[in-house]
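Protein chains: 4
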Amino acid sequence: MKRIGFLTSGGDCQALNAAMRGVVKSLLNSDEQVELFGFLNGYQGLIYGNFRMLEGSDFSGILTRGGTILGSSRTPFKTIHEPGEDGVDKVEAMKHTYFKLNLDCLVILGGNGTHKTANLLREEGLNVVTLPKTIDNDLWGTDMTFGFQSAVDIATDVIDKIHTTADSHGRVFIVEVMGHKVGFLTLNAGMASGADIILIPEIPYNLDKVVKAINKRKEKGSKFTIIAVAEGAISKEDAKLSKKAYRKKLERYTHPSVSYRIAEEIEKKTGQEVRVTVPGHMQRGGSPCPYDRVFASRLGAEAGKLILKGEYGFMVGYKNREIVKVPLEDVAGKLKSLSPDADIIKEAKMLGISFGD
Amino acid sequence: MKRIGFLTSGGDCQALNAAMRGVVKSLLNSDEQVELFGFLNGYQGLIYGNFRMLEGSDFSGILTRGGTILGSSRTPFKTIHEPGEDGVDKVEAMKHTYFKLNLDCLVILGGNGTHKTANLLREEGLNVVTLPKTIDNDLWGTDMTFGFQSAVDIATDVIDKIHTTADSHGRVFIVEVMGHKVGFLTLNAGMASGADIILIPEIPYNLDKVVKAINKRKEKGSKFTIIAVAEGAISKEDAKLSKKAYRKKLERYTHPSVSYRIAEEIEKKTGQEVRVTVPGHMQRGGSPCPYDRVFASRLGAEAGKLILKGEYGFMVGYKNREIVKVPLEDVAGKLKSLSPDADIIKEAKMLGISFGD
Amino acid sequence: MKRIGFLTSGGDCQALNAAMRGVVKSLLNSDEQVELFGFLNGYQGLIYGNFRMLEGSDFSGILTRGGTILGSSRTPFKTIHEPGEDGVDKVEAMKHTYFKLNLDCLVILGGNGTHKTANLLREEGLNVVTLPKTIDNDLWGTDMTFGFQSAVDIATDVIDKIHTTADSHGRVFIVEVMGHKVGFLTLNAGMASGADIILIPEIPYNLDKVVKAINKRKEKGSKFTIIAVAEGAISKEDAKLSKKAYRKKLERYTHPSVSYRIAEEIEKKTGQEVRVTVPGHMQRGGSPCPYDRVFASRLGAEAGKLILKGEYGFMVGYKNREIVKVPLEDVAGKLKSLSPDADIIKEAKMLGISFGD
Amino acid sequence: MKRIGFLTSGGDCQALNAAMRGVVKSLLNSDEQVELFGFLNGYQGLIYGNFRMLEGSDFSGILTRGGTILGSSRTPFKTIHEPGEDGVDKVEAMKHTYFKLNLDCLVILGGNGTHKTANLLREEGLNVVTLPKTIDNDLWGTDMTFGFQSAVDIATDVIDKIHTTADSHGRVFIVEVMGHKVGFLTLNAGMASGADIILIPEIPYNLDKVVKAINKRKEKGSKFTIIAVAEGAISKEDAKLSKKAYRKKLERYTHPSVSYRIAEEIEKKTGQEVRVTVPGHMQRGGSPCPYDRVFASRLGAEAGKLILKGEYGFMVGYKNREIVKVPLEDVAGKLKSLSPDADIIKEAKMLGISFGD
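Protein chains in written order, with this note's numbering: chain A, 1 to 357; chain B, 1 to 357; chain C, 1 to 357; chain D, 1 to 357.
Only chain A is shown next, with the shape it has when bound in the complex (with noise of 0.2 Å):
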C-alpha cells in the first residue's frame, strides 16, 4: 500500500491532467495498492492540510481537459519561509501534513519556482517525485516540458490570423507572445507563422536593427512586417542597466508591456502605423494538443514507475529523446534558455528572420 499526494502548482498549463493521469494510470495498473490525496491550489493545500481523496474515475476523460482538477495556486520561494498570513511556519505546516498523512511521495508538478520548493521538502525528508510542466520550456534538466507546445500552436494561430489583416492593411503588426524569461516559445512560434522579425530576451535588440529590417521588407514590396515580440524582450541599451535600474525605468511607462514601447518607438522611427495584439493567458489555455497529451502521459507513467519502485527525488524529464530522471538539487534554482549561438537561430537567420541585433 502506497499512499500519494498530488499537487499542481504555479501558473496552470495544458496537460497537468494528462499528466496525473498518466501517473495514476500506472499506479492503478500495477499490482500496488494505492490512496491518492489530491492537495487544493498547489502548496497551499499542503500547507493547510486541504485535500481531496481521488479516485480512478477522477481521472477518466481529462487527457484533453485544459486546466487542473486539483487547482492551482503561486506561493513564492522567496517567501517560504516567512509566515503566512495566519502566521503559520509553511514548511513545518507542509511537514507536518506530509508526515500525519503518512504519505509515501508527494507527487508535484509545475515549473521553476516550484521546483524550488520541490527540492526544500525533499530536503526536509520528504519524498518527492516532480514533472516538469511550463509553457515557457525553461525548466533546467529537459529538453522538453509538457505546455509548451499547446502553448506553440495557440501563439502560431493568433499570428496566423494577424498575418491576413497585416496584409490586408498594410501594417506593422507586433504579437507579444508568452515565456518569462526565455525565448523558446516566441521563437517557435514566430518561425511556424513566418514572422519577419523575432525579439527574445536572449538576444537584446537594437531598435534601429529592427527599423532596418521593416524597411528593407518596405524595399523589396512588401507592405506588411510581422513583428514576434517574447514577454521578456529587451533592448541592448536595457539589458547593460541593473535590474534596479531597469526596473526604475519601466516605470515611467504608462503601458506594462514591451511591445507597446516598441510600437511607440517604431512608429516614431518610420512614421508607419504599428498595431499591437497581446493575446495573453490564452497561451496557456484549452485543451492540450496532441503532442503534448503523449508526452504528459509518458512523463507520468514513468514518474509512476519511480514511486513504484521507490525512487524518490527526482524530476522526470526527456534528454535526447529519452525519459530520464533528474535529481531534484540539480534542476532547482537553474535557468534554461535558448544559446542565442544556437542552430536554431542560425536557421532562423538564414530564412531572413531578423532578431534585430
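Since the hints were derived computationally from the structure, they do not count as laboratory data.
Any given hint could be a false lead.
A pair counts as met if it fits within one copy or between any two copies, since identical chains are not told apart.
[What the hints assert, rightly or not] Cut-off 30 Å, straight-line C-alpha distance, at most; resulting in silico cross-link-like pairs (DSS-like, lysine-lysine):
(1) 309 to 243
(2) 268 to 249
(3) 319 to 334
(4) 325 to 223
(5) 346 to 319
(6) 181 to 249
(7) 78 to 95
(8) 209 to 220
(9) 325 to 349
(10) 95 to 223
(11) 309 to 220
(12) 181 to 319
(13) 116 to 334
(14) 268 to 244
(15) 336 to 325
(16) 349 to 209
(17) 334 to 243
(18) 212 to 2
(19) 249 to 95
(20) 268 to 78
(21) 346 to 244
Please build the complex by placing chains B, C and D on the supplied structure of chain A, with the hints as guidance.
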C-alpha cells in the same frame, strides 16, 4: 461586355475574398463578357486610379483565404469632401477614374463607413452594388453580415481557453471582445463560451450589479467568473454623459481599453484578482468559417445576378432567410444594434447570465 | 414543484448537452422548485425505468462537451408497438414509468424517428416538450436543428484537407458526407469547401453529366476535381426504381457506400484515378461549434419557459429567425428536404457547381 | 551562380511547401546567385523535362499551405529500370534533363521509395540533396520526418470526435489510422486520444486478447471501447504467412481495409455492435501544424547550407535533437519501424493500453 470594378474598404474581415469570388464566378459562368478591375487599398485605389486587371485565376483558391487580395484602407466619410493630402478632390477623382475607365459598375465590399461613401457615389451617378462586410453585424438592412460568425468562432475559442485557466486559479477573468458600438459579437461569443457576465453597449452596466453577480457565484461555490466585455461597453453613469464629456473622462485613464477600467473597479470592490485579455485584431483574421464561406458566396452570386440584370444602387442583404436587395439610400448612415428586449437577451438571462443591469 | 424527465434518443450529435443545460439552467433560475430525472440511453431508459436524478452540477461544464451525458439509443418507431425482447409492451411501459414517477413533463431531444414516438406519447396523455436534434437538418417545422452547423464545420474541414492532396496529385476525389435522405449537410459543406460537383438526394444525378463536368474542368486546365456526395445520393435511373427494387439492386454491390459505386463508374468512363474518403461518424462528434452552442442554449431556455408555463405538446423550433413552438402532431412523420428550386441551389449553380443534373 | 532543381515525389504530405521555402529562402539570403527549376509532378517532371522557373515570390505565403506547389506522383522504384509508357529509358531521361539544364544539384523531397531513386541518381553522378517527407515517420536515418506530427494531430482529432459518439452509444469503435507498414502514427494518435486498444504492425495482434481487453472494460463499467488500428496491422496468425499467402488470403475479403475484418471478428466473438471509421487521405492534407512548419523550415535551411557548400549526396535528417546529414546510400532501401520493446510501448502498457499481444 461589362467592365466591373471591385474594391474592399474599411477594416478587413473574413470572407471578403469568398464574396468577391462569388461575384466573379457568377459573372464568368454567365454569357456576358466581363473585364474586371481590382482597385487597390479601398477607395484610395479609386481616387488615385490604382488598380490591376483581374482574371478568373486570381479567384482560384481564395474561398478559404482571410483578408482581401485587393488590400483595404479606411477612407473616413467625414473627410470625403475635404481635399486629400495632395489637394485632390476625392469625390471628383473617384468619378474621374470610374468614367475614364468606362466602368459599368463598382462592386464595393465594406461596413458602415464604406456604405456612406458608396451611397454618395450612387448619388453622383455611379452604378454601385455593395456587399455587407463586418464582424460587428451592425449594418442596417441585413440580418447578417459576413465576417460575423467567423469572429464569433474566434472570440469563443479565446474565452474557452481562458476558461480553463480561470478555473484552475479561481480568478475573475475579463475577455474584451470586438464589435465597435454594438453587442452582437460579444453576446454570441459570451453565450457560446458560457460566460457568466456579458457587458454590451446596448445595456449600460451598473458596476455594483456586476460585483453582486460575481459574489453570488462565489456564494454558490464557483471559484471563478468569466466576463465578456464588448469594446463599446459603457456604464449607466457614463451613458448619461454627452459624447464630449465621455471622451474627456476617458482621457483620464492611462489604459485605452474599457476592460482595464472595469477590472480595476472590480478589484477595488471585491479585493479579488482580476485578469484581462484583449485578443484584438485576431478576431478579424484567418480563414472564414464554413458559415461565412457559404453566406458570402451566396451574396456574391446574387450580386453577380444584379450586375447581369443591370440593377444598381443596392446592397445585397439577408432578411428572414432570404437574400434581398436593399436600396443603398436606406442603408447609408444607419446603425443596426441589439434591442435590450430582444428574445436572445431574455434567453441569456433565463440561462443565468448577468448583463450588469 | 415540477418533476421533469429528460431523454436523448436516436443517433447522438453535437449540442445535445448544451440544449439540456439550457432547459435546466432556465428551470433552476426560475422560482419553481424542480426535480430532474435523467433517463438513460433514450427511450430504453423510459421503458425500463432506468434513470438517475440530476442536479445543477451535472450540467456544469457540459456546454462544450459533445455526445450526451444521458446516453442514447435507437428505438425504432416501426417496432414501438411490438413487444420488446423480454415481452414488454413498450408503450405501456413508458406510460407506467412516467406515471409511477409522477412526472409533470418529459423533455425529449431527438430527430425524425424520435419525434414520432414523442408524438405517440403525447397522444397517450403524457406531457412532452421536444428539441430538434440532428446533423441532417431534416426536421419539419424548424428552419434549423442543432448539430447541423457543427457537422457542416467538420465535413468542410475534411474536404479542405482533401483539397490539398487532390491538388498535389491531380486526382478526382469523392468525399461522402452524411445527411441521411437529405442534402443540406452536403450542399453546405460542399459550397463551403469549394467542391466542384455536389450530389444530393433531392437532385438525382446523371453520371454522364458528372463525367462531363469533370472533363470540362480538365479542359480548362484544372488537374483535380472534388465531388461532395451525400450518403443518400441517387442516380436518376435508380430514383425511378421502387424502394424494393432499389434495395435489391444495392445488394449486388460489395461496398455499401454509394460513393464507391460512383467512383467505380467514373473511373470506367474517364480512365482517371478516383479516390474516396468517408469520414463517417466523426461528423456527429466532438464539441459543438459556437453557432450550435448559442442556438441549442436558446432553444433550451425557451423549452424551460414552456415547461414553467405548462404548455406541453410542442417542439421548440426556429422559423424566420424567431424561436417558435410547433405542435408535435405537425412535426411527427414529416421530412423536411431541400427544394431543387431553392435559391441556394441556384446560387451554387451560378458559382459553377455541377449537381450532375 | 548555382542552378538548382526541385521535385516532390510520392504521396504528398503537410510541410512540403514549408521545406522547399526553407531551402529557397536560405539560398536567396546568401551571396550566391541561384536559378531555380521546379520539376512538375515528381520524377515525371525530371524524366520528361517538364519544369517551370521558380522565383522568390513563388515561395511567399506557402509556409502554411498543404500539398506541394510542384505537384507529385508515384514513380515506383521497382519499375525505374523498365521503359516508360512511351518506351523512354527513365534513368537516362532524368540524367539527360539534369545535364542538359546544366544543374548543380537536385533537391528531392520524398519518402522511402523516393529515396531509393534519389540514391540511384546519386550513383549515376547527379548531385542530390534530399529532405525526409512522410506522415509515416518510417525513414531510416532520421528520428523525425515532416508531415508526421501534422498527421498525428489530424488522426487524434478524428478519434477525439469518435470518442463522444462512442460514449453516447456505448459502442466499440475502430478508427483506422494511416502509417503504411509502421505504427508510429497510430501509436501516437492512439495515445493522444486515449484509445483503449492500439493495433500496430510491429506487434501482431491476437484477436482473443483484443476481445478480452474489450470485455475487461465492460466489466469495469466502461460502456464503450476505442480501438486505433494501423492500416498495416496484422494478426499473429497472418504474420506467420508468407507475403504471397497473406495476399491471397486478403483476396477472400470483400472489403480491402483490415479494420472491417477486425470489426467483423469482434462482432462475432462479442455480439457487440462495432463501427469503423477510415478517415483516409485527409490525414495527409491541410495546413502543416506549427511543429512541422518549424521542423521543415529548419531542415530546408540546412539543406540550403549544404548546397551552398557543395556537399551533395545527403539526406538532411534529425538525430538526438540535432540536424544532421545522412549519406543517401545509408538511407535508401531501409525501413525504420517501432521496436516492440521501445519505451513508449512500455509506457503505453503502463497506462493500461492493450496491444492485443
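Hints and how they fare:
In this homomeric assembly, residue 309 and residue 243 never come within 30 Å of each other (Cα to Cα): the closest approach is 45 Å inside a single copy and 44 Å across copies. In this assembly of identical chains, residue 268 and residue 249 lie within 30 Å of each other by CA distance both inside one copy and across copies; the values are 19 Å within and 27 Å between. Taking the shortest Cα distances, residue 319 and residue 334 sit within 30 Å of each other both inside one copy (16 Å) and across copies (26 Å). Taking the shortest Cα distances, residue 325 and residue 223 never come within 30 Å of each other, neither inside one copy (50 Å) nor across copies (36 Å).
Taking identical chains as interchangeable, the C-alpha atoms of residue 346 and residue 319 lie at most 30 Å apart whether they share a chain (22 Å) or sit on different chains (18 Å). In this assembly of identical chains, residue 181 and residue 249 lie within 30 Å of each other by CA distance solely inside one copy; the values are 18 Å within and 37 Å between copies. Taking the shortest alpha-carbon separations for residue 78 and residue 95, only the intra-copy value of 18 Å comes in at or below 30 Å, while the best inter-copy value is 67 Å. Taking the shortest alpha-carbon separations for residue 209 and residue 220, only the intra-copy value of 17 Å comes in at or below 30 Å, while the best inter-copy value is 48 Å.
Within a single copy, residue 325 and residue 349 get their C-alpha atoms only as close as 35 Å, which misses the 30 Å cut-off; across copies the closest is 20 Å, which meets it. In this homomeric assembly, residue 95 and residue 223 come within 30 Å of each other (Cα to Cα) only across copies, at 27 Å, whereas the closest approach inside a single copy is 61 Å. In the homo-oligomer, the alpha carbons of residue 309 and residue 220 lie at most 30 Å apart only across protomers (27 Å), although the nearest pairing inside one protomer, at 62 Å, exceeds that limit. Taking identical chains as interchangeable, the C-alpha atoms of residue 181 and residue 319 lie at most 30 Å apart whether they share a chain (22 Å) or sit on different chains (28 Å).
For a Cα distance limit of 30 Å, the shortest separation of residue 116 from residue 334 inside one copy, 9 Å, qualifies, whereas the shortest one across copies, 47 Å, does not. Proximity of residue 268 to residue 244 under the C-alpha cut-off of 30 Å is found in both arrangements, the shortest distances being 27 Å within a copy and 29 Å between copies. Taking CA atoms no more than 30 Å apart as the test, residue 336 paired with residue 325 passes in both settings, with 17 Å inside one copy and 27 Å between copies. Taking the closest pair of Cα atoms, residue 349 and residue 209 come within 30 Å of each other only inside a single copy of the chain (14 Å); across copies the shortest separation is 53 Å, beyond that limit.
In this assembly of identical chains, residue 334 and residue 243 lie within 30 Å of each other by CA distance solely inside one copy; the values are 18 Å within and 54 Å between copies. Taking identical chains as interchangeable, the C-alpha atoms of residue 212 and residue 2 lie at most 30 Å apart only when they sit on different chains, with a minimum of 29 Å there against 62 Å within one chain. Neither within a single protomer nor between protomers do residue 249 and residue 95 lie at most 30 Å apart by alpha-carbon distance, with minima of 42 Å and 53 Å respectively. Proximity of residue 268 to residue 78 under the C-alpha cut-off of 30 Å is restricted to the inter-copy arrangement: shortest distance 27 Å between copies versus 40 Å within a copy.
Within a single copy, residue 346 and residue 244 get their C-alpha atoms no closer than 32 Å, and across copies no closer than 50 Å, so neither meets the 30 Å cut-off.
The structure does not agree with the numbered hints 1, 4, 19 and 21 stated previously, though it agrees with the rest.
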